[in-house]
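Using the sequences and the hints given, assemble the complete structure.
Residue numbers (the UniProt record's numbering), protein chains in the order written: chain L, 1 to 82; chain W, 1 to 82.
One thing to keep in mind: the hints can contain errors.
[Said to hold, decoys possible] Listed below are the simulated DSS-like cross-link pairs for lysine-lysine, each with C-alpha atoms no more than 30 angstroms apart in a straight line:
id: 1; chain 1: W; residue 1: K69; chain 2: L; residue 2: K22
id: 2; chain 1: W; residue 1: K22; chain 2: L; residue 2: K20
id: 3; chain 1: L; residue 1: K18; chain 2: W; residue 2: K18
id: 4; chain 1: L; residue 1: K20; chain 2: L; residue 2: K76
[Said to hold, decoys possible] Heads up, incomplete: computed chain W residues facing chain L, CB under 7 angstroms, no partners named:
id: 5; residue: K20
id: 6; residue: S25
id: 7; residue: K76
[Unchecked claim] Covered stretches of chain W, going by a simulated chain L footprint (3 or more residues, C-beta under 8 angstroms):
id: 8; stretch: 27 to 35
id: 9; stretch: 39 to 51
Treat the hints as calculated values from the structure; they're not laboratory data. We put the CB at the ideal spot given by N, CA and C, even for glycine.
Protein chains: 2
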Amino acid sequence: MIAELIRSCCGLELLAVKYKGKNVSIENLHQGFTHIFESTFESTEGVAEYVAHPAHVEYANLFLANLEKVLVIDYKPTTVRV
Amino acid sequence: MIAELIRSCCGLELLAVKYKGKNVSIENLHQGFTHIFESTFESTEGVAEYVAHPAHVEYANLFLANLEKVLVIDYKPTTVRV
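Right, dumping it as structure tokens:
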């Protein structure tokens with residue numbers, strides 16, 4: 001079910017997801033999280049539009065209902081090292 | 001103390017941290033996490049070298065001791081959308 005939802009997520013052109021992947025960390029600090037989705041937006045307004053978009057809301061409700069836990073973090077990246 | 005540790009982290013040339021930032025998500029799904037560090041490596045071997053490096057171990061021990069909680073996830077990014 002999760003695998004299917006992940007596939008359907010990435011078929012939705014609206015969604016801004018740029019990269020996805022499964023956790024492979026050797027540090028054992030992943031706290032049970034297994035999948036990662038990374039998106040990039042031009043602005044915080046862009047994030048807000050995305051979050052509020054009906055297609056996102058519909059997908060998020062379905063996706064979240066099938067997840068054991070979820071963590072969402074947004075940040076404005078400060079470049080430390082290129 | 002955390003702010004100081006974050007500054008010192010980014011002064012360490014060894015560290016592979018590329019971007020840093022504070023959580024600004026409006027979704028309230030950040031589970032109390034406040035800061036993000038993002039690094040990119042050429043290979044999983046590169047991650048393992050970094051994790052095992054004495055300077056990383058020393059810094060990580062100091063840093064982790066001052067954090068309420070931490071989450072580390074590594075993933076090989078599959079491009080979903082460019």
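These are the hints, each one checked on the structure:
1. Between W:K69 and L:K22 the alpha-carbon distance is near 21 angstroms, which keeps this suggested pair within the 30 angstroms criterion.
2. Between W:K22 and L:K20 the CA atoms are separated by roughly 21 angstroms; this keeps the pair inside 30 angstroms, and the hint holds.
3. Restraint check for L:K18 and W:K18: satisfied, since their Cα atoms lie roughly 18 angstroms apart, inside the 30 angstroms limit.
4. Simply put, L:K20 and L:K76 have alpha-carbon atoms about 19 angstroms apart, close enough for the 30 angstroms limit, and the pair holds.
5. Interface hint at W:K20: satisfied, since its Cβ lies 5 angstroms from the closest Cβ of chain L, which is below the 7 angstroms cut-off.
6. Checking W:S25 against chain L by beta carbon gives a least distance of about 4 angstroms; that is within 7 angstroms, so the hint holds.
7. Hint status for W:K76: holds, given a least beta-carbon distance of 5 angstroms to chain L, under 7 angstroms.
8. Check result for the stretch 27 to 35 of chain W against chain L: holds, 5 residues qualifying (beta carbon to beta carbon below 8 angstroms, three or more required).
9. Three residues within the 8 angstroms Cβ limit are the bar, and the stretch 39 to 51 of chain W against chain L gives 4, so the coverage statement holds.
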